[in-house]
Amino acid sequence: MKQFIKHSVVFAMGVFLLVFMGLLLPNNNPVRSVDYSLLKKHELLHENNGSKLILTGGSNVIFGFNSKILQTKLNKPVVNHAIHAGYGLKYIVEDVFQYVKKGDIILLSPEYSHFIDNNYLGKEPLLFSLKVKPNNIRLISLGQLLNVAEFIPKFSFDRIKSFVYNKLKPSKPNKNEIGNYTEFSINEFGDHYTHWDDKNKNLTLYNFNGEVNMKVIEFLNNINEEIEKKGAQLILSFPSICETTYETNKNTILKIEETLIKNCNFKILDTPEDYVFNDSLFFDTSYHLNKIGIKNRSEKIAFKLKNEVK
Amino acid sequence: MLFNSFEYLIFLPTVFFLYWFVLNQKLVAQNTLLLAASYLFYGWWDYRFLGLIIFSSFIDYYCGLAIEKSSSKRNKKRWLVVSMLVNLGFLGAFKYFNFFSASLSYGLNSLGYEVDTLTLNIILPVGISFYTFQTMSYTIDIYKEQLKPCKDIIAFFAFVSFFPQLVAGPIERATNLLPQFYKKREFSYKKASDGLRQILWGLFKKIVVADNCAKVVNQIFENYNEMNSSTLLVGAVFFAFQIYGDFSGYSDIAIGTSRLFGFNLMQNFSFPYFSRDIAEFWRRWHISLSTWFRDYVYIPLGGSRGGTAMKIRNTFIIFVVSGFWHGANWTFVIWGFLNALYFLPLLLTNKNRINTNVVAEGKLIFNIKEFLQLSTTFLLTIFAWIFFRASTITEAINYIKRIFTTSLVSLPMVDVKPFLYIGVLVCIEWFQRSKQHGLELSELKIMPVRWSIYIFVFCLILFFGAQSESFIYFQF
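One line per chain: the protein sequences are E and B, in this order. When the count follows our numbering, it moves up by one through the first sequence with no breaks and lands on 310 for the last residue. When the count follows our numbering, it moves up by one through the second sequence with no breaks and lands on 1476 for the last residue.
Check before you lean on any hint, since a few could be wrong.
[Claimed, not checked] Quick look at which bits of chain E chain B covers, simulated, 3 or more residues with Cβ under 8 Å:
1) 3-14
2) 89-97
[Claimed, not checked] With a straight-line Cα cutoff of 20 Å, these simulated DMTMM-like cross-link-like pairs (lysine to aspartate or glutamate) come out:
3) B/K1417 to E/D158
4) E/K123 to E/D158
5) E/K2 to B/E1186
6) E/K199 to E/D274
7) E/K154 to B/E1007
8) E/K304 to E/E257
9) E/K267 to E/D279
10) E/K291 to E/D279
11) B/K1215 to E/E226
12) E/K262 to E/D197
13) E/K255 to E/D270
14) E/K6 to B/E1186
15) B/K1311 to B/D1295
16) E/K215 to E/D198
17) E/K68 to E/E188
18) E/K123 to B/E1007
19) B/K1148 to B/D1295
20) B/K1069 to B/E1186
Hints listed in this document are in silico derivations from the structure and should not be mistaken for laboratory results. Where is the CB? At the ideal position from N, CA and C, for every residue including glycine.
This is chain B alone, in the form it adopts within the complex (with noise of 0.2 Å):
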């Protein structure tokens, strides 16, 4: 089931209503409807993976409890890894196989021998990397004895499908997340309304900008061969807004609908296009998964407590695997790798922890430096995406080459309205910039202001929205 679908608009407010109207009484109760509100929400797209994501959550829990029990240390990591091969054998089957496969014979021939390539014909899950990155942080962090096993199954199976982040993300971590799952949720005017504004904002983002961007964004990757380079460049820019409005919007939603269900996610996206250095991009883009490679590969890696070789190594492992995570493409992995790239000069120079403020805080505009940084670093993000969003990286870089040596000046051969679209997003993210979203108005006291704009935004997703597309990222 998709946010922005009308089977979506029937079945939120009806999980709302039984939630809080008919099950409220007991904790369990509203657990249980979570759960199989979940597995319908998940069921929607194909029933048949939802054994996948049951025996899943059936070994998390059952390794949890083990690693507790287990007297040794030995058996603890026993445990441990009897999750990480489950979870991880999942993803290796259902997303890797294939990709390794072609790989291997692909080497193999090119050295001479003759080998045919062994295909798995298989649908990839939809959020497979979602849930299990999620699940897998539960046994680590039981593992670690940062968390107490889950002894309520219902509890435990409701926080691993919790259906508002279960295909997309934010990849919730269990010590925050599982706890809420403990206590009885008490309704809150406040959290539920700014939930709601967070599910407009998302919406805006995704149907207005991500989707007007992708129809252009399709037509010239496409058919780059045939464009010139304004329009391929335009092309490159629709893309990043595209990623973002589409991957943040996601997010939005999932937030503000967990909130509607008195549960706090973590924030995923901080306005990632405002940032002033790579480093502080990544602190700001998919938030939930950088700090997931932050706390489960690099640091366990040795981080960046070694010598330069090893803080080379981790930056470089750590962002080959983020960009692997996303799909079983070289492209994913030369994008990791240039962002690796343009990471560790900062690394190395000890100035990758320089801008952890915002940008132009307290300031109407940024200054002319705060200008160069934010347009440098919005200039590698993109060229960074085109690796991203090409299907091959001869495509990615015959793309790059035609931006190079085709006319500039010449006016894009697409559609630019969606400029527009990111016009509003731009300008309304700038001034709220300091905020978790751009609709956070808690503070804007008066009422037919705050309305008002709600009904701006919402004017917008209804008259400028285009075709539905199913999101980006549920293909990771």
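Here chain E stands alone, though its shape is the one from the complex (with noise of 0.2 Å):
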């Protein structure tokens, strides 16, 4: 037994040091994800010292507006925080949390899933974005690494992976070539703009299956006494979805959207029904808008929110 047991803790040592090797490896991409946009988001909430309203939660909020519309109405500078849904929305809200200023307006817009089971806390993508701002492993809870420990050591492997390949088949990146999903696809605001005169490509159309989490409410909640207590405000709005998504998940959404209605402590500015938008207004899926729809939705919201800028 003695011998079994050395083999296999040697063998499990070998496999934790590769793991931990893989999380260390620095990034050698030469086109960097659009998750390190998040540097340059938090230059501009950092250097935006008055009053100012940010928009967050996952993707369909970095797919979804035109910030520049939304400072034009509203005579507010404007600042899209958002990135990825798969951070989890206590990381997104956290994160955010850290710069938030007196007289700032919170428009969080959470993904649908975040109010489903436990994705609140995060999955894989957190990872990545602790690869890109390591400081912030201090937001992480235990609830967290828990949530996301089963993607570490695939995201590890990926890392040593794509190290080894950028390494053996290094390339260039086309200045004139921007693309879509890079860290330099986002504009002064934060908004990713890339793809605005792009082609709709075949949405990703999406299931919510699940339970709704009321720990998702109890930490809303909770963190708005907190931006209270700094002298901000935090509104919560629903994100834009398609139609064909919608009508799939209305029961969930409805269900998700009547528990907020009867147990936040904070302003909900519209219903779902708002955004559902024609599965043509959309990009490439079911929540990243195109041009026309980001107008729309930019339009309609910045109408919504007159009454609570003054």
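Join the two chains into one complex using the hints; note that each chain is given alone, in its own frame.
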């Protein structure tokens, strides 16, 4: 038995070291992903001292607004802080909370999946976010760590694979072609803009299965209290979603809305139906709007926000 | 809980530790732990169906005792019938009710009687076909006086629900597995380390071969109307390896896990694609199911002892029933029927047992004759697999039609990278074909070489493993 345990431990330690090495490897990808735009967004939030409108949530927000429209209509500076729903609602909100100042309005538009099961604690992309901003490790709770633990080996080996690949086959990025989903695909407000003139792609449709998690509401109520203490305001808005995915998940979405209305201590700006758009207004997933969709949503939300922004 | 999941990575070492270090003094404690772990393992998927296993175990436990106690043959038979009715009743209700109901109403409607289809809105409990067959073998063997009934209820319940093989086999015989629950298990380094090697090999087959093939196979079968011949052929070949990697991978992990706990399960796959005829293929594919049908259906029906007509009848019965066991769909029946057609000429010419040894035994490579035999058997098999994979018979026929009506001289329209993984699988298994599994390396005495092989396979899993899919055989 001793020998068996010894050999098993040696093997497991080897695997552990490999995983650890993968986590530490630098990102040598010549074109860094959109996750890295978080650094620029933090700069925008940091530099902007006056009261401002902060848009946050998952990719329905980064792919859902033309902040210039909002800034013009509301006469208030706007920063789009959103990146990836997979970071989890908890991480997204706590990350933005670090930069909230007096007079700010935080317009939070979570994806519907954030309210289901433990998704608000994050998935694999959360690990990537920590690669981008290692300091943010202090925002991660044990619950979040356990939720993403299963992705750590795969994440680590993907990093090793990518590192080796880029070493063996180095390529230089074409500066004239930024492309979508890269660090440079965002404009001066933080909106993803490089896809605005692209043709629509086949939509990825979603199915939200599971139970509405009351811990999400509890978390939002708590963070709202903290935001209020800072003299800022939290407003919740529903995400834009394509008709097909909405129809498939109508019952779940209405259940989420009902739960929010019953239990939230902060303002809910609208209803899910307000942002159910035709599939043709979406770029590549059920949440990512194209240029026309973005204009519609931005104008609609600017109109609804007018009373809140004084 | 899936074998290739994070939960299992925590579950297995925890149970192992408790089993060998905390509860290793008493047999009953070890069996109780295995029972609790098995229920946790199964309940992780859906705890509501635990009641079904417990009920089924209880009935068979009681029937086993009652059969032994009964003084007359008639009473013994009565208890056997009770056990059969309960087990087959569960299978019928959960797995086949909707199929029979739909087929009946379709038949009546085509005769002009307007009948609505009565369907039950129920989920198929994972592994029901496996554990009901296992418990049926128990009562049948007691009835046939080949086994004494178990009087230790914990041991019996642990035997029925033994987590490594609970949801996808091997379908163990009570005569082999149950006595192992009566004796205190001693830890064996050789057995446990070989168990780990078998688990590693099973994971490779599942995560690298089956899951990578699955992505391409799904793409091809869902859009077969838009694919050319070469792509459809690739789809059929990939499915052959997907189902092999998936199911034999599961069996390897199950057998390997059992060995960690000191148990020996029967071999379920013995390199079936290295078969020279269909009879040999069926001696090497899903051995626990084919021998089950042989012992409990084929032989009681008369086997091959009677005349030609009886041989033909029994062959068709066993293959068609075996197909139907896989699922309530006519596609599985056709798959079984095709295999019976392939098998029959061998049986009728008494050539069904000519290839009982390992192909090219003692040689590095096969000769031309063996190559032709292996290729023919493989082609026949993949032809039948098309029916197994297709959703309907029409889909399967159209798929096959397109193979022959569109140009073969064209490049496949899909990612053919899984051929690389299949290549690694075939090469390793070819050299290991006389062993129990692909990584049986106990004869290799040079430790660094052995460890290099483990690390190589492990890296293949980590770097080339696809997104994990559920095991196909869970649905059966």
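#### Entry: Hint consistency between B/K1148 and B/D1295 [alpha-carbon to alpha-carbon, up to 20 Å]
holds, 18 Å
### Task
With a cut-off of 20 Å on the C-alpha distance, tell me whether B/K1311 and B/D1295 pass.
holds, 15 Å
### Task
Sort out whether E/D158 lies within 20 Å of E/K123, counting only the CA atoms.
Since the Cα atoms of E/K123 and E/D158 sit roughly 15 Å apart, the hinted pair holds (cutoff 20 Å).
### Message
Holds or violated: E/K291 and E/D279, Cα atoms, limit 20 Å.
### Response
holds, 13 Å
### Task
Take a quick look at whether E/K267 and E/D279 sit within 20 Å of each other, Cα to Cα.
With Cα atoms ~28 Å apart, E/K267 and E/D279 exceed 20 Å; violated.
### Task
Could you grab the alpha-carbon distance between E/K123 and B/E1007 and see if it respects the 20 Å cut-off?
holds, 16 Å
#### Entry: Restraint status (C-alpha distance of E/K154 to B/E1007 at most 20 Å)
holds, 15 Å
### Message
For a C-alpha distance cap of 20 Å, please report whether B/K1417 and E/D158 respect it.
### Response
holds, 18 Å
### Satisfaction of hint between E/D198 and E/K215, Cα-Cα up to 20 Å
With a Cα-Cα distance of about 39 Å, the restraint between E/K215 and E/D198 is violated, given a limit of 20 Å.
### 20 Å Cα cutoff - pair E/K262, E/D197
violated, 41 Å
### Query
Is the straight-line distance between the alpha-carbon of E/K199 and that of E/D274 20 Å or less?
violated, 24 Å
### Query
Between B/K1069 and B/E1186, is the straight-line Cα distance small enough, at 20 Å or below?
violated, 33 Å
Hint compliance for this structure: hints 2, 6, 9, 11, 12, 16, 20 are not met, and every other hint is.
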